[in-house]
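Given these sequences and hints, build the entire structure.
Chains as they are written, first to last, in numbering that gives the first Met the number 0: chain A, 0 to 263; chain B, 0 to 281.
Read the hints as simulated data drawn from the structure, not as lab findings.
By construction, the Cβ of each residue, glycine as well, lies at the ideal position given by its N, Cα and C atoms.
Among the hints, a few may not be true.
Claimed, not checked - Below, simulated SDA-like cross-link-like pairs (lysine to any residue); rule was C-alpha separation at most 25 Å, straight line: (1) 214(B) / 83(A); (2) 38(B) / 100(B); (3) 197(B) / 118(A); (4) 214(B) / 65(A); (5) 197(B) / 122(A); (6) 9(B) / 143(B); (7) 2(A) / 159(A).
Claimed, not checked - Covered stretches of chain B, going by a simulated chain A footprint (3 or more residues, C-beta under 8 Å): (8) 212-218; (9) 229-240.
Said to hold, decoys possible - Away from chain B, derived, C-beta distances all over 10 Å, residues of chain A: (10) 28; (11) 115; (12) 127; (13) 194; (14) 204; (15) 218; (16) 244; (17) 245.
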Amino acid sequence: MLKTLLYINEDLASSIALRYTAYLNKFVPLSLFITHVEEPDEKEQVGTGWVRHTWEDGVASSGKRLIDRMLRTENIDCPLAGRPKVFVGDREKEITYELRNGMYKLFVEGYLNTADPDQFYEVISSPLYTKAPCPMLVVKNLSISKKCALLCADSVDPRDLVEKSMEILGDSTFSFDIVFFKFNENEKLKTLDRAEGGSHLQETESLLAKAGKSVEDVIVLSGTPEQVGDHLRDYALVASTLPSRKSMRMYVLANSLASVLLVR
Amino acid sequence: MKILVALDAKDYSRKIVKDVARLAENTLADIVFLGVQEKTNEPAKTLVSALLKYQSDVYSYFSSDELPYAEFSSDQWQEKAKGDWSLSTRGMKEFTLRIRTGSVAKQAITVAKELECDLIILGCSSKFGCEWDGEMNVPLRVAEDAPCSVLVIKQARNANQIVSILDQSVVKQDSLEMVNQLVTLHDAGLKIVGVKEKKESKNDEIEHRMVELLKYYNDREVGAWVKLVDSDNVKEYVTNSSREAIVALWMGGKQSLIKKLFSRSMVDKLLETTKSALLILR
Numbered sequence: 000m001l002k003t004l005l006y007i008n009e010d011l012a013s014s015i016a017l018r019y020t021a022y023l024n025k026f027v028p029l030s031l032f033i034t035h036v037e038e039p040d041e042k043e044q045v046g047t048g049w050v051r052h053t054w055e056d057g058v059a060s061s062g063k064r065l066i067d068r069m070l071r072t073e074n075i076d077c078p079l080a081g082r083p084k085v086f087v088g089d090r091e092k093e094i095t096y097e098l099r100n101g102m103y104k105l106f107v108e109g110y111l112n113t114a115d116p117d118q119f120y121e122v123i124s125s126p127l128y129t130k131a132p133c134p135m136l137v138v139k140n141l142s143i144s145k146k147c148a149l150l151c152a153d154s155v156d157p158r159d160l161v162e163k164s165m166e167i168l169g170d171s172t173f174s175f176d177i178v179f180f181k182f183n184e185n186e187k188l189k190t191l192d193r194a195e196g197g198s199h200l201q202e203t204e205s206l207l208a209k210a211g212k213s214v215e216d217v218i219v220l221s222g223t224p225e226q227v228g229d230h231l232r233d234y235a236l237v238a239s240t241l242p243s244r245k246s247m248r249m250y251v252l253a254n255s256l257a258s259v260l261l262v263r
Numbered sequence: 000m001k002i003l004v005a006l007d008a009k010d011y012s013r014k015i016v017k018d019v020a021r022l023a024e025n026t027l028a029d030i031v032f033l034g035v036q037e038k039t040n041e042p043a044k045t046l047v048s049a050l051l052k053y054q055s056d057v058y059s060y061f062s063s064d065e066l067p068y069a070e071f072s073s074d075q076w077q078e079k080a081k082g083d084w085s086l087s088t089r090g091m092k093e094f095t096l097r098i099r100t101g102s103v104a105k106q107a108i109t110v111a112k113e114l115e116c117d118l119i120i121l122g123c124s125s126k127f128g129c130e131w132d133g134e135m136n137v138p139l140r141v142a143e144d145a146p147c148s149v150l151v152i153k154q155a156r157n158a159n160q161i162v163s164i165l166d167q168s169v170v171k172q173d174s175l176e177m178v179n180q181l182v183t184l185h186d187a188g189l190k191i192v193g194v195k196e197k198k199e200s201k202n203d204e205i206e207h208r209m210v211e212l213l214k215y216y217n218d219r220e221v222g223a224w225v226k227l228v229d230s231d232n233v234k235e236y237v238t239n240s241s242r243e244a245i246v247a248l249w250m251g252g253k254q255s256l257i258k259k260l261f262s263r264s265m266v267d268k269l270l271e272t273t274k275s276a277l278l279i280l281r
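See below:
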């Protein structure tokens, strides 16, 4: 069972993330924990000692009620491994601390898919993502697919991609495709010969084979990030390494309609 | 559900009949085939035989025990009024052939109003964009002025994606079902695109609607995805989408942002750029 921390808020992205996580559980058995962070305004914060403690308890209770409401509304088919964890403080710091402290294997949160790639970059370049001790799953949409894609490009280290992705998906019942992305401003998305993927693609294939996974399809796509992102819609999730800059691959992930698993 | 299909004897009309039959099968709809001709004292023979042929094509799509429509008991057209003839039969569902004189767009809209139809379907030729018997504005006028939803089919069954554009307007169950039918008909995926307004306060409503739709379709095992697009970029987004996908525009009431954004000329442009079909939902 994969120890997973799902962050929820009372918003639509979280509502999608909750449902998606229940779907994911059918393919990757999860030991699921839910968390929420209440971030009070500076002005709201009061006192020290017992006074502060009582105030924090009050804030945390309202967070617990929020989680209860969300769980009741979504009524997901996935058992929780423990009580929801509600923290008061800075969201990123509290989650990072919990991920390290609880030795989670996966972090999941929802993201309402927009056409603005910069908004996606802001999320994945935050300290929560760049310093996370485990892979991060950004849930953008619900899915009925039974396939995952490993997204390769020249900038992706095949070893990091395969080894870290397989820590999450190795025991899953998903089938796998490898998608190699080449940027090109074509009018239409083109599928190139497999040889165009070069040594990175070959290495990814052989590492996956070593991990005991057979690849259903290997596709080399040449097009814009929008075209490739759209093409990825048929996957339950797309795994890739965390982009460290605004590269074309980052734009593909930003435009991906499928949820994105970021490994490091 | 009641579907009005505007037809003539041209190729673009013949090609949509199979899609109409499949839609009729999936929705068990009452069907009205409407032909429009120039002013004469009796129905034109070419139009009569075309409508009867289309009717027989729809009937042959069903197995005999599943056909919800009855055979015509007589081939006598009833003159309902001057220049308005009808041939109708009722089985489990009603099937009507109707011929009227006048202009196609005006008659289609009048009959749709009179019979309280839920959907008008018509084909168009891709020659010069989207034309009907040499006239460029027939599909546009029907799409713009109809009291109900309109599906203009340029090329039958040619899309693997339905791009559904919505704003804060109320989404009716019938419209949801219509999109569902299109998805089934084309074995396509559904992209639900929410148009973000500059006014932040309205965006919550749009996002809420998008996610509700996503859940609705996901529960029905329809591959659906959501995406938010700024109102400044939506026209370009929709025009680009219409080249590959079927665009479904939810045009709600007076407050509808999409209605404001998609002026007559924009709908005209979409009809021109689309390679498959355009659905206007009301």
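Hints versus structure:
{"no.": "1", "hint": "214(B) / 83(A)", "result": "holds, 24 Å"}
{"no.": "2", "hint": "38(B) / 100(B)", "result": "holds, 5 Å"}
{"no.": "3", "hint": "197(B) / 118(A)", "result": "holds, 16 Å"}
{"no.": "4", "hint": "214(B) / 65(A)", "result": "holds, 21 Å"}
{"no.": "5", "hint": "197(B) / 122(A)", "result": "holds, 22 Å"}
{"no.": "6", "hint": "9(B) / 143(B)", "result": "holds, 23 Å"}
{"no.": "7", "hint": "2(A) / 159(A)", "result": "holds, 20 Å"}
{"no.": "8", "hint": "212-218", "result": "holds (count 3)"}
{"no.": "9", "hint": "229-240", "result": "holds (count 3)"}
{"no.": "10", "hint": "28", "result": "holds, 21 Å"}
{"no.": "11", "hint": "115", "result": "violated, 8 Å"}
{"no.": "12", "hint": "127", "result": "holds, 22 Å"}
{"no.": "13", "hint": "194", "result": "holds, 27 Å"}
{"no.": "14", "hint": "204", "result": "holds, 27 Å"}
{"no.": "15", "hint": "218", "result": "holds, 16 Å"}
{"no.": "16", "hint": "244", "result": "holds, 24 Å"}
{"no.": "17", "hint": "245", "result": "holds, 19 Å"}
Hint check: a violation occurs at hint 11 only; the rest are consistent with the structure.
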